[in-house]
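Construct all of the structure, not just a fragment, from the sequences and the given hints.
Number of protein chains: 2
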Amino acid sequence: MPTLHIGLIGFGTVGAGMVEILLHNRQLIADRIGGEIVLKRIADLDIRTDRGVSVDPAILTTDAMDIIDDPGIEVMVELMGGCDQALDYISMAMERGKHVVSANKALIATHGKQLFEMAERYGVDIAFGASVAGGIPIIKSLREGLAANRIQSALAILNGTSNYILTRMTQEGLSFQEALSMAKRLGYAEANPTLDIDGSDAAHKLTIIISLAFGFPFSYGDIYKEGIDTVSPEDIRFAGEFGYCVKLLAIARKSDDQIEARVHPAFVPRDHILANVNEAYNAVYVEGDFVGQTLFYGLGAGRKPTGSAVVADLVDIARNHFKGITRRVSPLSFSRTPSKELSIKPMDEIMTDYYFRVSALDRPGVLSRISGILAEHNISIAAVIQKKREAHRAVPVVMLTHEARERDVRKSLELIDKLDVVTDKTVVFRVEKKAGI
Amino acid sequence: MPTLHIGLIGFGTVGAGMVEILLHNRQLIADRIGGEIVLKRIADLDIRTDRGVSVDPAILTTDAMDIIDDPGIEVMVELMGGCDQALDYISMAMERGKHVVSANKALIATHGKQLFEMAERYGVDIAFGASVAGGIPIIKSLREGLAANRIQSALAILNGTSNYILTRMTQEGLSFQEALSMAKRLGYAEANPTLDIDGSDAAHKLTIIISLAFGFPFSYGDIYKEGIDTVSPEDIRFAGEFGYCVKLLAIARKSDDQIEARVHPAFVPRDHILANVNEAYNAVYVEGDFVGQTLFYGLGAGRKPTGSAVVADLVDIARNHFKGITRRVSPLSFSRTPSKELSIKPMDEIMTDYYFRVSALDRPGVLSRISGILAEHNISIAAVIQKKREAHRAVPVVMLTHEARERDVRKSLELIDKLDVVTDKTVVFRVEKKAGI
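Just so you know, the protein sequences line up as chains S and V, in that order. Take the first sequence: its letters are residues 63 to 499, numbered as in my numbering. Take the second sequence: its letters are residues 63 to 499, numbered as in my numbering.
Simulated from the structure, these hints should not be mistaken for laboratory data. All the pointers check out, no bait thrown in.
Given that identical chains are not distinguished, each listed pair holds provided it fits within a single copy or across any two copies.
SDA-like cross-link-like pairs, simulated, lysine to any residue; straight-line CA separation at most 20 Å:
| # | residue 1 | residue 2 |
| --- | --- | --- |
| 1 | 316 | 279 |
| 2 | 102 | 120 |
| 3 | 316 | 90 |
| 4 | 480 | 424 |
| 5 | 316 | 86 |
| 6 | 316 | 89 |
| 7 | 316 | 93 |
| 8 | 175 | 93 |
| 9 | 495 | 341 |
| 10 | 175 | 96 |
| 11 | 385 | 159 |
| 12 | 495 | 340 |
| 13 | 480 | 468 |
Here it is in structure tokens:
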């Protein structure tokens, strides 16, 4: 029976998930692919901790070179995380003709170009299906299932921790801090959740999605990013009154030869299918010129779903290996860089609807002064909620705008926040209801 | 540049969509796959009608044999529909070593076994990604993206016409007939919509999903099927009062070594993501043992989305062809039939929750007589709505049950409908809220 030999570097949560699948579904996978995937070696600095899966102790090693230098191993699976060391190991493995499977989104997002060039030079495959949205086969779908399409936009919920927190804030009215504490207690947030809640993790994944959708290695640094720590229960309530909910969205949208690339909390119409992606679920909403609007939904993290994606990559490589081929699909889904390279749309230039919550004293003429400044900047108001309270105390003046330009919004809010009747910095969120959503 | 030559049989709606994509996205597809897909010949009985795409008249023919017998054509695309003739053409093409791409769900669902065996005998590929859920890459996902998983269940909305009608009935309170007329007027239903609304179309697609999920050619005839013509606005309103909406669901669920396979209108909890699949959209909700719950959503029909799926299949074959291989993934996703063959769970044996609407005279003791019969059959009531109207007139007694066995439900409804206080046949729908939904 044909066999693919693999070595695993990094025996943590996802590594153990992969091993569990290979053990538990060994027969099923063999039936599917007509061959065996054999785990020959596992390297980790810690080979003593019980990972909850039974492996022959003889295959454990603390030396990654035992895998990299083993000519009998055809695929190195890198699940150690981090960048520098992982990059070194992957480079050495490729030099030695090994295919690489990695779930390391930060690495792919920041060193993708280098990795893809190296894979091409050495004629090996690099697969990273587990790096975006866990078990959801979005990378394969972008490369293959939707290959007939020019991708026009992708709007995605890519960070399970943030989505869990926003779900609790929406459904139970918790504050951000309360929801974060709950997320930590239940294991949906790590002890240091910064990368999850500040949008970095979603931006890493969006970098990879953009690269695949548009066919060139996109730079992580080009993505505009805001986290969810500015979202308050009050804004979520107002969103609800306007018929929206608040999600941390990762947005890629092509207009002319420019790409919008941004991650931030956004208002999403409540009857949109993305608005119904709750708890720790992820979803990627992709629009193609022929397929139209599609959604891919599932668990974006965790030992089992991420393990499922790693093993799907192994199955892919095994199916190639058993046929004696490599590089059937190029990592970016494009065999050659598309003729027209796309530039980044500066954030100042994006056009969308906006939500403002102005804290103003409840005096006559306040709304007229605010709306006057907006009008001067070509921002027209679509809806307002102004609730009366006692005089001399600040009240929220809440409004939705029609489509406006980010630059104009920033300028006018600067002026509005300087008004003597405005007592606090205006809260602003983008409202996504354009084509594609 | 490497080239894949294709011939198209059937220049109808989907055929024209495929041609349009190959023309419009020629460069994009070439960039992706590093080669060309060249449409060498189109056969149709009618080669005079303008299909809205510009093709060289010289490639048109009325004789399918011009494609089948052309040794320079590597792939025959069958988009003519129907079974006997299509099967003949496909058999001849395969005998001559051609790969086949087909969107013909009825053919695959009823002759899949024979087609797959033939493809194996002649060493060719047969791809049918467009046969289920249009542009949604669910077939590729089942075969590849979710390959690490033992599939546990699939719940799907697979018929756009039915979903459109149910959406109109739900959102505007239309009757089935009114919504059907509207669907016809707007092109969402054909002049003869029988196959769409009686569940046959969804059952064809479910047959294919089950075959791929569980690895053996499943029989269309084994699927239990009810259409949506029994759904009334009244039941949709009661569903809403209980927190549900009504969808035509295609259900495959594995329990022990049996498979439930059924298509019927069902109550779906309103906060479930499937409940938010509206209009003519399709969605497939798949649960795997490691990936957990996933959803694939998009347009299930129409020239462009279905064309997108046909071209994705061509891209797949092209990528194989350019590497000199065939049959990289077997049609059913399993290289060999899984050791354990699964049997069909008889419909009488399925367990689910139920909704009953009993038409009863508004007299004392009615509810007690009905619930007494249910209790005798081990059916316990979870919720009741009984609205008072005038005496001596029938009123609906509406109830949800806890999990019950279909056989018991049928027996007890037979007895209930014989009660002198019951004036009409009891309306019954299944309520899907078990694991996996």
